[in-house]
Amino acid sequence: MTGRVVRLLVGLVIGLAGTAVTAAPALAVDSAGAAAPALAHGADAPAGTDFRSSVVGFRPAVPGLRARAIEAGARLELTNHTGRTIEVLGYAGEPYLEIRPDGVYENAGSPAAYTNRTLAGDTPVPAEADPASPPRWRKVAEEPVARWHDQRARWVGAGLPDPVRADPGRPHRVADWVVPLRDGTRNVDLRGTLDWLPPPSPGRWWLAGLIGAGLIGLLGAVGTPGLRGTPAPPGTPSRHPLDLAGEHGTTGGQGTTGGGRDTTDGQGRASGRGPARVALAALCAVAGLGAIALAVGRVADGTADGLPAVLAGLFTGPRWATLSGLGALVVAGYAMTRRSAAGFGFALTGVCVGTFAGVANGAAFANSVVPSVWPAPAYRWLVLAMVVLGYGVALAGVLRLRAARLSAATAPASDQRGDDQRGNGDDQRGNGDDQRGDAGDQRGPAPATRGSKP
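The sequence shown runs 376 to 829 under the numbering used here.
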């Protein structure tokens, strides 16, 4: 049973990791053609890019108006707290968006309403979308916050700009961009910059992740004699073959376990906390918190609607990273209570954290700009931590499951040897009784012989 579980888990690790690694390069492509509604929460944000789009400000300044580039520059966000209507103009100077106090309205007659629906800008523009026609406003958001793809604030050319191609190893100012706005009858420019930032070397990060995961995985071999080719000490096996607390230990008459890592009472119940298991539980908890922090950073980057929107976005955006983090926290607490199947929980949640919070965000290792509110260097180190902790804890869990299987296999043999020894002792005691009986029979007739003499 345990062997099949281990083989299934190893296959799951390889399959999920291979799928994520295969998908990571595609996610890393800047401005790839993933489609989403123009004003929806950012489901089509790129996993990373090397072009940084930054908002400089408004000219002239408008108190109560705030703008920023979100989702690694994939979209612009404009928040209007002026109490007036702010209009965003399209590519032909036509009315495109109106951010009013009661929400956001889109002009269905603006070609920009269709072009800006995707990162690539490849949505067909219907014939009735004429920039010279009167606006046909439709409400698309309830809050005075507009988010939209804008090709004026991103690099949409084929290939790299010439200066970048000539010297990609240093930063370059690619463009100064302007998005025209209108505040009543006054024209306002939303100004920003577009820069090229050299990407990091991904190989070094992946190598560090591999080495770190392997080192943490060694915790699975601490105090597990079955992994070193020696059988577990003879005695009574733990109460559950997947019990991490006693998975490689056995109970003797006074309750000590193999490996010297955990202790048991006289009835074989686990007590105390093994250092390796406590360390794994702590690392699992850290991995869970890190996965949730990654998810929060991505969601907060794409919304300015407050804490409730961020919490809701955790389960509508990076939901798998969120669920993996929550699962890791549950398993960490579960393991600290010394319950059965904690080893399997370590292995499973470790795979999920390493895959959905680590490898799935691996574009951070190859790109200089990431879709998160966390600074790119901090985000990159956090992703590395998820790879190391996730797969490291998973490897430790698999090793401990294997040790449990080996211990369960050696314990019956030890019991059988003890039974044989006890049986031989009984046979020897039986032979001794027979010998004493024969001696008694020989001594019995002697008095009768003496009594027969006259």
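Don't read these hints as lab results, they were simulated from the structure.
Hints may contain errors.
Quick list of in silico lysine to aspartate or glutamate cross-link-like pairs, DMTMM-like style, CA-CA up to 25 Å [claimed, not checked]:
| # | residue 1 | residue 2 |
| --- | --- | --- |
| 1 | K514 | D570 |
| 2 | K514 | E503 |
| 3 | K514 | D497 |
| 4 | K514 | D558 |
| 5 | K514 | E452 |
| 6 | K514 | D419 |
| 7 | K514 | D551 |
| 8 | K514 | D542 |
| 9 | K514 | E462 |
Label pairs and their in silico Cβ distance ranges [what the hints assert, rightly or not]:
| # | residue 1 | residue 2 | range |
| --- | --- | --- | --- |
| 10 | V653 | R513 | 54 to 64 Å |
| 11 | G458 | S576 | 41 to 51 Å |
| 12 | R459 | P538 | 22 to 32 Å |
| 13 | V653 | T498 | 48 to 58 Å |
| 14 | R694 | T568 | 26 to 36 Å |
| 15 | N562 | G532 | 20 to 30 Å |
| 16 | G439 | V748 | 28 to 38 Å |
Where a beta carbon is used, it is the ideal one built from N, C-alpha and C, also for glycine.
For which of the previously enumerated hints does the structure constitute a violation, in increasing order of number?
When the structure is compared with the hints, numbers 1, 7, 8, 12, 16 turn out to be violated.
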